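Engineer: The listed protein sequences derive, respectively, from chains A and B.
Residue 114 in the numbering used here sits at position 114 of the first sequence; the count goes up by one each step and never skips.
In the numbering used here, each residue's number is its place in the second sequence (first place is 1) plus 1000.
A hint or two may mislead.
Computed from the model, here is a short list of chain B residues facing chain A with C-beta under 7 Å [stated by the list, open to error]:
no., residue
1, G1062
2, M1104
3, A1248
Examples of chain A residues toward chain B, derived with CB under 8 Å [said to hold, decoys possible]:
no., residue
4, R105
5, K107
6, G122
7, P132
8, A135
9, G136
10, V137
11, Y143
12, G162
13, E166
14, A167
15, M170
16, G254
17, E329
18, L332
19, T335
It should be emphasised that the hints constitute simulated quantities derived from the structure, not laboratory data.
On a predicted model such as this, the values are computed, not experimentally measured, just so you know.
Beta carbons are placed, not taken as given, at the ideal position from N, Cα and C, and that holds for glycine.
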Amino acid sequence: MASKKKADGKGLPGDAALRKELLHSMLLQRRFEEKVGEAYALGKIGGFCHLYIGQEAVSTGIISMLRPDDYVITTYRDHGQALVRGMTPRSIMAELFGRIDGCSRGKGGSMHLFDRNTNFLGGHGIVGGHVPVAAGVGFAIKYRGGDQVIVCFMGESVVNTGAFHEALNMAALWKLPCIFVIENNKYGMGTAVERAAAIKDLSRRADAYDGMDGEHVDGQDVFAVREAMERALEIARRGPKPVLLEVRTYRYMGHSMSDAVSGTYRTKAELDEYLKRDPINLLKARMLEAGDIDESDVAAMEQEIKTLCQDAWDFADASPEPPLEALYEDVLVDTTS
Amino acid sequence: MAIITYREALNQALREEMSRDDRVFLMGEEVAVYNGAYKVSKGLLEEFGEMRVVDTPITELGFAGVGVGAAMVGLRPIVEFMTWNFALLALDQVVNAAAKMLYMSGGQYPMPIVFRGPNGAALQLSAQHSQAWESWLAHIPGLKVVTPGTPYDAKGLLKAAIRDDNPVIMLEGEMLYNTKGEVPAEDYIVPIGKADLKREGEHCSIITNGKMVLVAMNAADQLAKEGIRVDVVDLRTVRPMDVAAITASVRKTNRAVVLEEGWELAGIGAQVVDYIQRECFDDLDAPVVRVHQADVPMPYAKAIEKAAKPDLAKTIAAVKKVMYLG
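Whole structure, please, built from the sequences with the hints as guidance.
Structural biologist: Pasting the structure below:
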């Protein structure tokens, strides 16, 4: 979907078809996550479950710029990125329901979505732990002489971990094609970023490594995210070398399903303020104004997505649980090569 | 057969497997330019180049994770830790990433990676550099854990580990690197999960692994002079454990001593004793006795360090105890 086409709709980047795709991608994530929240409340989904609502312009903006042979790795807040990467709503919902047709065969759940077909290297549950893994994928790309990149999504609290620093240092030292994307949604669980990080502009963490570029961008504006990602890709793919992108966003739900929406750590007023910059509403308004779409197009898109999400639910609900013999499967690979 | 050191045996295994498969690479602190902190990787940089013999910064967590990522997309990394004491910093990658990836991805991402390095005590390295981690690592499903005690087993197990599609932990020993033994010139592997009856006897079984195999063999020699002939069962792999080899030996001798380098509580020996009581309850003529490190951090001063370690005298005394000889 990467496009350098000139604006044709009242100053908006890309063409109308691309813009529709972006809106569809973001709306799908939003409605899917709402459905997940509903299923969680009904006990269809268990365990820890972290919704992506509010951050959709980040996943869509970043992943829409990738090639199919690039790699994506992320945290436990992984549903949105999995959808944008092309994993089916069915396979994701079935995983959340803990069913055999889930993308990880019911073994991973919400935090561990994996899909070999789309080079989606997983949702990972230990804060910071997957960042060195991303550097390792970058190392393997360089080892083979390929020109792919790996995008590593992480929450802003990751930048305070040792794993983050160790990984970025090696990525810079060895010039690995890694794009480290900090999704700064302002809170690590309930701790505000300014109460955890002794640095305001997180993209400046890149300054610690010679030759690493860092940039921050408005994460509620999907076009801005795409433009920043285009620059990052140029650096990572052509360099090759790593780049650090801080995408400033906001989550509208609690940290997880067990957390109240605003809670003790942020005010309703703050949430309301950020809701004014809902990434989907911003894009939709601009597209309506540009004449890309009208209200009936939006209604049709909503209907189509509603059907898709209901289909995912029905599919997941009908899928069997993993059989008991699956318990001992895939602990180890059976063969020695 | 050529007589070579444990160190040379490991070096041969690395060289042969890197020649055999260009997806195999070695990374860790001082493995390249320095030729290895213990010279295990001597000459490999020259032969294979810096992309395949990679010096890392001192960042165990970071480079263990780099290995995991590389393994996820099809390379076959060998991650060397200068000692397993330092690998504690990397346990998140070993335990939470490498050991879990296949399972939590529903079988999509195998993890063909080897984590290796010296384990346990050397001489007067004191508390932070003298710990045996077998039981910690063997506790984790999704890992295989091998502990070769001889040059033959070191080479064969390392080659098997590199060819295995699963994460394999290899615990070596600083005090083993200079030990010598017969190693054949032709290609061979030692299968993971198979114990080896290193000495055959009839009066008692000594069940052990890793560095303690040498202690057990010395004990067997000494005891033979007194007419006591023991089985020495070298587990070689502590996960999965060769239960059949343990029970076959104990059913024959009816007495067992379990010798390990680590601490007593929840140690490898505790698991061995559990297998024995489950499988050989009616075969036992005496309670099983365990020999292990004293339940203290390793001290520096020579005499108390010696007192802390499992050794020849303690092993011989344990055998005599289970034989009601003193």
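Engineer: Does each hint hold? Answer for all of them.
Structural biologist: Hints, one by one, checked against the model:
no., hint, in the structure
1, G1062, "holds (3 Å)"
2, M1104, "holds (4 Å)"
3, A1248, "violated (24 Å)"
4, R105, "holds (3 Å)"
5, K107, "holds (5 Å)"
6, G122, "holds (6 Å)"
7, P132, "holds (2 Å)"
8, A135, "holds (5 Å)"
9, G136, "holds (2 Å)"
10, V137, "holds (4 Å)"
11, Y143, "holds (6 Å)"
12, G162, "holds (6 Å)"
13, E166, "holds (3 Å)"
14, A167, "holds (6 Å)"
15, M170, "holds (6 Å)"
16, G254, "violated (24 Å)"
17, E329, "holds (7 Å)"
18, L332, "holds (5 Å)"
19, T335, "holds (6 Å)"
Of the hints listed earlier, those the structure fails to meet are numbers 3 and 16, in rising order.
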